[in-house]
Each structure stands twice: as C-alpha cells, then as structure tokens.
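*Asks:* Take the sequences, apply the hints, and build the full model.
Number of protein chains: 2
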Amino acid sequence: MSGVQGFDPRTGQPVGAPVPETSDAGVDALARAGEAAFPSWSSLPAVERAAVLDAVADALDASADSLVALADAETALGAPRLTGELKRTTNQLRLFGDVLREGSWVEATLDSANPDIIPPRPVLRRMLRPLGTVGVFAASNFPFAFSVAGGDTASALAAGCPVIVKAHPSHPGTSHETARIVESVVPAGVFGIVHGQQAGVALVKHPAVKAVGFTGSTTGGRALFDLASSRPDPIPFYGELGSVNPTVVLPDAAAARPEGFAAEFVGSLTLGVGQFCTNPGLLFAPESLVPALADAVSGAAGGPMLNERMSDAYRSGTEGLAASGLADLVASGSAPSEGWSVEPRLFRVPLSGFAENLEKLTEEHFGPAAIVVTYTDPAELEPVLPRLPGTLTGTVHAAESEHDSAGRVAEALRPVVGRLIFNGWPTGVAVAWGMHHGGPWPATTNPLHTSVGATSIRRWVAPVTYQAWPDDLLPAELRDGNPLGIPRRVDGVLGVH
Amino acid sequence: MSGVQGFDPRTGQPVGAPVPETSDAGVDALARAGEAAFPSWSSLPAVERAAVLDAVADALDASADSLVALADAETALGAPRLTGELKRTTNQLRLFGDVLREGSWVEATLDSANPDIIPPRPVLRRMLRPLGTVGVFAASNFPFAFSVAGGDTASALAAGCPVIVKAHPSHPGTSHETARIVESVVPAGVFGIVHGQQAGVALVKHPAVKAVGFTGSTTGGRALFDLASSRPDPIPFYGELGSVNPTVVLPDAAAARPEGFAAEFVGSLTLGVGQFCTNPGLLFAPESLVPALADAVSGAAGGPMLNERMSDAYRSGTEGLAASGLADLVASGSAPSEGWSVEPRLFRVPLSGFAENLEKLTEEHFGPAAIVVTYTDPAELEPVLPRLPGTLTGTVHAAESEHDSAGRVAEALRPVVGRLIFNGWPTGVAVAWGMHHGGPWPATTNPLHTSVGATSIRRWVAPVTYQAWPDDLLPAELRDGNPLGIPRRVDGVLGVH
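Chains R and Z are the protein sequences, given in the same order.
Mapping of the first sequence onto the UniProt record's numbering: position 117 corresponds to residue 117, and the numbering continues sequentially without gaps.
Mapping of the second sequence onto the UniProt record's numbering: position 384 corresponds to residue 384, and the numbering continues sequentially without gaps.
Treat the hints as calculated values from the structure; they're not laboratory data.
Which copy is meant is left open, because identical chains are indistinguishable; a pair holds if it fits in one copy or across any two.
Capping the alpha-carbon separation at 20 angstroms, the derived lysine to aspartate or glutamate pairs in DMTMM-like fashion look like this:
(1) 87 x 177
(2) 360 x 233
(3) 87 x 116
(4) 205 x 226
(5) 205 x 35
(6) 205 x 21
*Replies:* Structure, rendered in structure tokens:
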C-alpha cells in the first residue's frame with residue numbers, strides 16, 4: 001500500500017513511518033459516517049457543541065509536548081513557534097465555544113404578520129442552520145492552526161457540521177496524531193481524516209460533502225475550486241490562496257527611522273522562513289530607504305522550508321525573476337547549507353517598471369523574498385495600487401504629518417485587500433470577532449468570507465425561514481419568549497428579546 | 001441592426017418596436033461607467049443612498065399606469081397583478097432604504113487590543129463594503145419585482161454597487177421604459193441596461209463586473225454560473241433556478257376539508273398561469289384526496305404563458321410525462337384557444353413509484369402542472385423527502401392532532417428547502433427581514449444567500465478590517481463614539497454603542 005511519508009526539512013531525511021493513503025472506499029465510508037452523524041450533531045444545543053469544542057481544546061493542550069515535538073520534526077518550525085501555534089489553535093476552538101454561547105451567530109430573526117402591506121407579510125422566523133458534512137484541506141505552513149484542528153475545522157464543527165480533513169502531506173504524522181485526539185473527544189462520525197491527493201479529489205466530489213475549506217497554493221486551490229464548481233450540484237468552495245501583501249511606507253515615516261523600519265520589515269519577511277500567506281512580499285518605498293533594506297536582508301538568515309517542492313519553487317522562482325531583468329536582485333541573506341534551506345532575497349524595481357510589468361511582478365514567491373518598488377511622490381501610487389491582484393492585507397506606514405496621504409493610499413488599496421494595517425506588519429493574524437482574513441481573487445475564491453475569526457462560521461451555515469410555524473415545532477432559537485436569551489432581530493430591531 | 005421584439009402572449013403578435021441588442025462595445029462602455037461611478041456611489045453616506053432609492057420608488061410609482069399597461073401588453077399577466085407587483089417593487093426599494101438607515105447591515109465590529117492572549121490582538125475594526133459593479137439578469141415571470149428595478153437591483157444599489165441589468169427578452173419594452181425612469185433618478189454611471197443574449201455573456205465575462213445575480217431557468221443559470229466560475233478571476237454568481245416546492249398534507253388535515261384544501265391548492269398552482277418559482281408542483285397526499293384534487297384541476301382555467309418557448313416547453317414536458325407512464329394524468333383544466341395559452345394538468349403516482357423514479361419525477365415543468373404523490377402512512381415519507389432536489393420551499397398541512405408527525409416531516413424536508421410553511425401556500429413571497437428565498441442546488445447556485453428580503457444585500461458586500469487604524473481615517477461607521485448611532489458589535493457584544 002502506498003503511503004504519505006513525512007520528512008525532516010533540516011536534513012531531508014524521512015521521519016516516522018509512512019501514513020497509508022486513504023482509498024476511495026475509505027473516503028466514502030467517512031462521508032457516509034458524517035452524513036449519518038449530521039442530524040444529531042447539528043441538532044445538539046449549541047452550548048453542548050461548545051462544551052465539546054472546549055474538550056477538544058483541553059485534550060490537545062494536554063498533549064502539547066508530544067504534538068509540538070512531532071510537528072517540529074516534520075516542519076522544522078521550532079518548538080517556540082509551534083508551542084504558540086498550538087495554543088492559538090486551542091484558543092481558537094474556545095473562541096468558537098464563546099461564539100456558540102453568545103448565540104447571535106444563528107441570526108435569529110422574527111417578523112410579525114402584517115396583512116396590510118404589499119405583498120402581505122405572514123409570521124416569519126429565520127435562522128442559520130449547518131449545511132452538512134464539510135471537507136477541510138489542511139495547509140502546509142501551519143501544522144496546527146490551519147490544519148487538522150485548525151480554524152476551518154473549529155468553525156465547521158461549531159456550526160454543527162461534521163468535518164473530514166484532507167491532511168497536508170508535509171506533516172502526516174502530526175496530522176494523524178492530532179486527528180486521533182480529536183476523534184477521541186467528538187461523537188462518532190463527526191470527524192474524520194484522509195491522506196493522499198486522490199482522497200482529496202474524492203472528498204470534493206463526494207455527494208455527501210456540502211462545502212469545502214482550503215488553505216494553500218493558487219494552483220492547487222483553483223483546481224479544487226473548479227472541481228467543486230463543476231459538480232452536478234456545485235458546492236461552496238472557500239479557498240485561501242496566494243497573496244502578495246503590499247506595504248506602503250510614506251516618505252516621512254521612512255525618513256524617521258530607516259534602520260528600525262528595515263529591521264521590522266525583514267523580521268516580518270523572514271518570520272517562519274517567509275512561509276505565511278501574510279508575508280509582506282511587496283514594499284513601496286522611497287529610493288532612500290533601499291540601502292537600509294538591503295543591509296537588513298543581507299544580515300538576515302533563512303532556514304529550511306517545509307518541503308522540497310516549496311524549497312525548489314522558491315529557488316527557481318526567485319532565480320527566474322533575477323534572470324528576467326524585470327527587477328534587480330539587491331540583497332541576499334544567509335541560509336544553512338543542509339536540508340531544504342533557502343536564503344532571504346530582496347529585489348528592486350522603480351514604480352514605472354513595476355507598473356509596466358505588474359502581472360509578472362505580482363506573482364507570489366512563497367518564502368522570504370520581497371520586491372521593493374521605489375517611488376518619488378505617494379500620489380504616483382494611487383493609479384497603480386488598485387491594479388494589484390487581490391490580497392489578504394495592505395499596510396500603510398505614515399508619520400503623523402502624513403495622514404491625508406495615508407488616507408488616499410488606503411482608498412486606492414481598499415478594493416484589492418481584506419485587511420488594512422496602519423504602522424504595523426501583516427504577519428500575526430489575531431483570532432477575533434473583528435478579524436477578516438480574506439480578500440478578492442486570488443487572495444481567496446470568495447471575497448465575502450474569512451477563514452479566521454468569529455465570522456468564519458458563516459461559511460458553513462445557510463438560512464431557513466419558518467413561515468406561520470407552530471411555536472412548539474420551532475427550534476429554541478426562534479421560539480416565543482426567547483428561551484435561550486440570545487440576541488435576535490424582532491421586527492427589524494436587534495436586541496436580546 | 002438586430003433587435004429584441006416583444007410579443008402579446010394573448011395573440012402571439014408583436015408589441016411595439018424591437019429594442020436594439022447591445023453590442024460588446026456597448027456593454028464595455030456601461031461596465032467602465034460603472035467602474036468610474038463606483039468610488040463616489042459606494043462612499044456616499046448610506047442614508048443618502050437610501051434617499052436615492054426612495055426617489056426611484058417614487059418615480060416608478062408616478063409612472064405606474066403606463067408601466068402596467070406596457071407590461072400587460074408584453075406579459076398578459078393582467079393589470080391587477082401587475083399593479084400589485086409594481087407596488088411590491090417600489091416597497092422593496094423603500095425597504096432597502098430602511099435597511100440602510102438602520103445601519104446594522106455593515107456589521108460594524110470593534111475589538112479592543114489585548115496583548116496578553118495568544119495570538120495577541122491589536123485594535124481591529126471590521127465592516128462590510130460593496131464589491132463593485134454588479135450584473136443582474138432579469139426574470140421572465142416578474143416584469144417588475146425580479147426585473148430591471150427588482151430585488152437584485154435594489155439590494156445591489158443599496159449596498160453601494162453600480163448595477164447593469166440584462167433585460168429579459170419577454171418584456172423588452174417594459175424593461176426599456178423602467179430603465180429610463182431609474183436612469184433619470186440615479187447618478188450617472190450607477191445604472192445601465194443591456195439587451196440580447198450576447199450582451200449577457202459579455203456582462204458576466206467583463207473584468208469590471210464583480211458579481212452577478214440571476215433569476216431564471218436551471219439550464220440558463222447553470223451556463224452563466226459556469227461562465228462566472230471559469231473566469232480567470234472567478235466572481236460570485238447568485239442564481240435562483242428551478243424549484244418543485246413540495247407540499248405535504250397529513251391525513252387529518254386532508255380529511256377535514258378535502259374540497260377546501262383542493263381549491264386552495266389549485267389556486268396556488270394556477271396563480272399567474274403557474275409561472276412562479278414557488279409554484280407547488282409536488283403534492284404528497286393521502287389517496288382519498290385525489291378525487292377532490294382532480295375535480296378542482298378539471299374546473300380550473302389556464303391562460304397564456306409569457307412566451308412561446310415556455311408554452312411549448314410546458315406542453316412537451318407534460319405530454320412527455322403522460323407518455324412516459326411514470327405518472328398518470330388524472331385531470332386537465334381548460335384554456336383559451338388563442339395565443340400561448342396552456343391548461344392546468346394534474347398527475348398522480350403512488351409513493352413507491354415516485355421513490356423509484358425520483359429524479360425523473362422531480363423535473364420542473366414550469367407552469368400550472370403538479371404531481372400528486374399518494375402515501376398511506378406519513379412515516380413512509382421520511383426516507384423519501386430528503387432525497388428531493390434542493391427547493392425554495394417546503395409546506396406541511398397538519399391538523400392540531402398531527403404536530404408530532406408534522407415535526408418529523410419538516411425535519412425530513414429541512415435539509416433540502418429554504419423556507420418551511422405551515423398550513424399555507426408557497427406562492428406569495430413577503431419582502432421582509434425574516435424572508436429567505438433560496439435553498440440548496442438547484443433552487444439556487446449558492447445556499448447561503450437569498451434573493452428576497454433584507455439580507456439579500458449581503459450578496460454584494462465583503463468585509464474589510466482596519467487594524468490599528470487612526471480614527472480620523474476610519475469610515476464613520478467604525479469611528480470612536482459611534483457618530484452614526486448604528487448597532488455595532490463592541491468586544492463581542494451587540495448593541496447601539
């Protein structure tokens with residue numbers, strides 16, 4: 001039987017035994033188990049699902065040491081980062097418990113009858129209900145937070161959907177072990193995991209799978225999006241794909257502290273060997289900042305990337321860019337010589353050259369590479385920024401004196417970004433009510449949705465309206481007297497009533 | 001130049017002059033005008049957009065007599081229905097004005113900083129912003145309410161999106177005149193109309209169009225959905241397609257008043273010559289109810305359908321069903337002999353035969369045709385109902401004594417329907433906060449969204465999060481002190497704060 005083998009990126013050597021690939025029959029069995037579990041899981045009172053999420057979080061926390069060691073061997077991301085990431089993952093599970101207990105996520109809406117308007121209105125009660133079994137494609141770069149028990153899984157389980165995860169091949173052992181812990185806590189059929197590319201295809205095509213979440217490359221995401229969209233019954237596919245994350249530093253902000261700014265920029269660029277979807281790959285800066293940026297990149301160390309394919313793609317992509325003559329390679333950092341390590345790279349192009357070759361120069365090179373685009377007057381940026389491909393974040397650095405200019409730059413960026421950051425850095429994504437981790441294509445396949453934060457639960461729920469329905473047959477969320485005490489909209493007015 | 005010719009369905013004769021088809025250059029000019037108008041229209045304070053919507057409604061109301069006469073000549077739907085439908089359309093525009101003034105549609109969300117959690121949380125402020133120019137495909141069967149100034153247009157304009165409508169060829173004159181009125185009220189570039197099939201294709205493919213709404217057939221909607229999904233940058237496509245609208249009448253409810261029930265059923269079935277997406281095409285009933293149903297259908301009159309294609313499709317579809325032997329034709333009503341008239345038809349099949357040939361017997365025959373599926377025990381329905389194709393509505397008729405059974409039937413229906421109706425009829429769709437007019441494929445292309453009601457505005461907006469953003473550069477909805485006085489979520493808590 002073929003299997004998925006994990007490797008140590010520091011050495012390129014195998015780690016642990018291969019995990020067997022899941023057969024089509026195996027995928028079918030899990031999807032049918034999800035289908036069978038859906039009625040009871042989805043009708044469990046939300047506060048009881050919240051308790052299950054809390055229990056999953058506790059069980060993962062209890063195994064933190066072994067999970068982190070396993071993940072470090074397969075990803076080389078280091079124990080401190082992985083310890084933090086696992087805590088972020090369990091906090092995320094608990095946030096969704098809070099979301100369920102707060103109760104407004106179902107958008108309970110009650111309208112009284114009005115026979116005197118056109119058209120007449122009967123008694124209407126609307127709420128959101130889960131879609132059914134969800135497929136989740138785990139990412140390479142977050143072995144916990146965007147993986148087996150990550151945000152997609154947490155939000156879908158919270159919504160009341162069974163989940164089947166397609167494990168990422170870069171960390172099969174970590175995925176297997178995380179899945180074992182989740183399975184030990186949730187009811188039978190509510191969670192499953194599959195391994196292997198063919199199993200992923202079978203998952204997206206399975207009639208019992210009602211929606212899919214994905215974090216990964218634009219190429220892989222597009223292929224699966226096309227598969228989901230071309231089903232006899234198309235299903236929602238939420239892919240978080242590529243992102244160049246433009247950062248604009250205005251002249252006064254750049255002049256105020258060039259070395260400090262450059263150090264922060266390179267810190268964000270090289271964090272996790274640049275393997276973040278929010279990695280700042282495109283910097284618009286005055287020419288005068290380039291020496292400090294080049295110095296900082298030259299002094300920075302790279303490290304091992306998560307797998308050989310990504311390491312090769314980074315090298316060939318950045319070497320191709322250097323050879324193309326479209327941008328100048330102005331600095332390279334260092335890297336260990338062993339395993340799948342790569343060094344940071346900084347390219348430079350003037351704004352006019354960037355604008356001429358925008359499509360080519362906004363291809364993402366996943367890893368610690370950036371292009372600095374030099375400009376003279378911030379006003380020159382305004383016609384160029386809206387032409388950028390859709391991206392998760394856009395950042396503006398401005399001095400107190402530059403707010404007007406920052407506002408114009410932000411308005412130019414806004415149509416193409418999901419999150420606007422002021423005097424900060426795009427890496428580090430908070431898990432909160434107000435987070436939006438999304439954006440126009442190719443940042444995601446659907447600009448309405450986020451894969452991080454409380455509202456990511458929306459991806460897995462659809463409305464149902466009960467018209468003139470007897471109170472005793474309504475879900476508790478919609479009954480007279482608001483027995484659950486949740487926020488509801490009654491005749492158009494939001495409140496706890 | 002080729003043109004789109006309107007016809008009188010009562011006679012099959014041309015009405016008015018043909019309306020010219022829009023060239024690709026014409027579509028491009030409108031899309032570019034929408035793109036140019038987007039920044040100002042989207043940044044207009046919501047209450048000012050509400051005033052524009054009210055003004056559009058007033059202008060349409062002021063032309064009611066001429067619009068209704070024009071629409072009646074092209075659709076044969078009759079002045080009373082069309083007068084009501086126009087009023088529904090203008091009330092719908094005003095509802096979105098109310099939605100904008102209430103303010104919670106932007107989902108303003110404010111999180112304070114918390115550096116002590118993992119991951120740390122910066123100050124985050126999230127709200128929904130419009131996507132850009134929207135394409136709207138008008139429906140044949142609602143020349144006002146799902147057409148040029150219908151729900152898709154009203155909700156997209158409310159959101160801050162310019163709109164380009166693809167007119168339905170069944171009422172080109174009505175569409176042209178309605179568009180002229182809308183254009184006279186809204187700012188330049190915010191609204192446009194195109195005619196002709198090729199113009200519709202160009203609209204869906206245009207890079208400046210960011211989302212599409214559609215109401216129509218499953219075949220046409222699927223073709224356009226595939227076009228939108230296969231763009232280099234896929235865009236959201238919201239299609240409301242076919243629907244069989246199952247109705248279950250439980251034994252005691254059927255026995256209580258067979259003739260009254262049958263009369264109401266046939267009234268809903270033949271309303272508007274059955275040309276509603278909520279037409280009750282599938283009735284699950286005890287065998288004992290069949291004579292009353294057959295009598296009522298035999299005594300019912302049909303009428304002219306909206307166009308020759310639909311009339312032909314209804315005849316060939318129902319005649320093919322009768323010839324197939326899969327269901328028995330048990331009654332036919334009458335119809336005028338002129339124009340594109342069709343008669344109501346009722347078929348009958350026992351539940352076992354229905355379950356065997358479910359796919360074939362749930363094909364929609366748009367028009368006044370229904371299949372009555374006879375059953376003995378309501379429990380027999382429970383495994384069959386979840387196998388129905390996705391549908392806009394599901395209806396249960398139950399006596400007081402039958403609530404338990406009604407609850408089980410409703411749970412079986414719920415996964416495949418968007419709206420559950422108790423002791424009522426699916427035709428007549430209220431425009432309200434609590435309405436959901438949607439459902440799983442093929443009812444719609446996306447089960448998360450509705451094309452009727454306040455929440456239909458969601459289709460045209462996407463979140464943006466401002467991180468650590470200066471208050472003076474934030475949109476008013478997100479500023480300190482809540483200057484607009486709208487409902488917001490602050491640190492997780494909903495309220496006007």
